[in-house]
Amino acid sequence: GEDVEQSLFLSVREGDSSVINCTYTDSSSTYLYWYKQEPGAGLQLLTYIFSNMDMKQDQRLTVLLNKKDKHLSLRIADTQTGDSAIYFCASKGYSGGGADGLTFGKGTHLIIQP
Amino acid sequence: EAQVTQNPRYLITVTGKKLTVTCSQNMNHEYMSWYRQDPGLGLRQIYYSMNVEVTDKGDVPEGYKVSRKEKRNFPLILESPSPNQTSLYFCASSLGARGLLGNSPLHFGNGTRLTVT
Chain A
1 GEDVEQSLFL SVREGDSSVI NCTYTDSSST YLYWYKQEPG AGLQLLTYIF SNMDMKQDQR
61 LTVLLNKKDK HLSLRIADTQ TGDSAIYFCA SKGYSGGGAD GLTFGKGTHL IIQP
Chain B
1001 EAQVTQNPRY LITVTGKKLT VTCSQNMNHE YMSWYRQDPG LGLRQIYYSM NVEVTDKGDV
1061 PEGYKVSRKE KRNFPLILES PSPNQTSLYF CASSLGARGL LGNSPLHFGN GTRLTVT
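These protein sequence lines map, in sequence, to chains A and B. Straight run, no breaks: the first sequence in our numbering ends on number 114. Straight run, no breaks: the second sequence in our numbering ends on number 1117.
Incorrect hints may appear among the rest.
What the hints assert, rightly or not - 27 Å max Cα-Cα, derived DSS-like pairs, lysine-lysine:
no. : chain 1 : residue 1 : chain 2 : residue 2
1   : A       : Lys106    : B       : Lys1065
2   : B       : Lys1057   : A       : Lys106
3   : B       : Lys1069   : B       : Lys1018
4   : A       : Lys36     : A       : Lys56
5   : B       : Lys1057   : A       : Lys36
Please keep in mind that the hints were generated in silico from the structure rather than gathered at the bench. Predicted model only: the values in this text are computed from it and were never measured.
Make a model of the complete structure from these sequences and hints.
Dropping the structure here:
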């Protein structure tokens, strides 16, 4: 089946930029998503990018997509303590699971140091 | 407020005692899905439903049942729970799955933490 890989932990200092990386295998991916999961809560859609784009910016968030290398990244500028959460990368294609074709990564735990 | 509501939030039960986790969405979404989240394994899909009376197995359906009698509700049933079903469960919904509505994102409930002893 299809796969989405991301590192399990990332530790950054408050005020620095965080960059969370993700690689995926589904070459039919049409949309790529970033979800945020805060403690005790469900996954909340943070942002997404269509596969024919290579960058999307939304306030402190910048998503970069390298379709050739199947690499996605999420940059959070000026990281705050409220950004501490698990971040899931997900790809949507014709080969992924379920009827929605979504394949999730295992999540990256973003740890903020004061 | 548009939301996916799961109940209960926490549940402790014993092996073999049937239980149901309810899920309801108020967004008139066609597609609904159940996931379980386990440390180191991420999210795994249990069952999904494309529409009323249409359900299908996800990646880890064993030991679970679902039903979709109405558009808004998608309960998850564990007929005979076992300790390996101790997990955090999420219900999710979206406007559509593939096709024209395929870019509609998944909306998640806040989760149900189940412990089976």
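Hint check:
1. A/Lys106 x B/Lys1065: 25 Å, holds
2. B/Lys1057 x A/Lys106: It holds: about 21 Å lies between the C-alpha atoms, which stays within 27 Å.
3. B/Lys1069 x B/Lys1018: It holds: about 20 Å lies between the C-alpha atoms, which stays within 27 Å.
4. A/Lys36 x A/Lys56: Satisfied, since the Cα-Cα distance of roughly 17 Å is no more than 27 Å.
5. B/Lys1057 x A/Lys36: Holds: B/Lys1057 and A/Lys36 sit about 26 Å apart, inside 27 Å.
No hint from the list above goes unmet by this structure.
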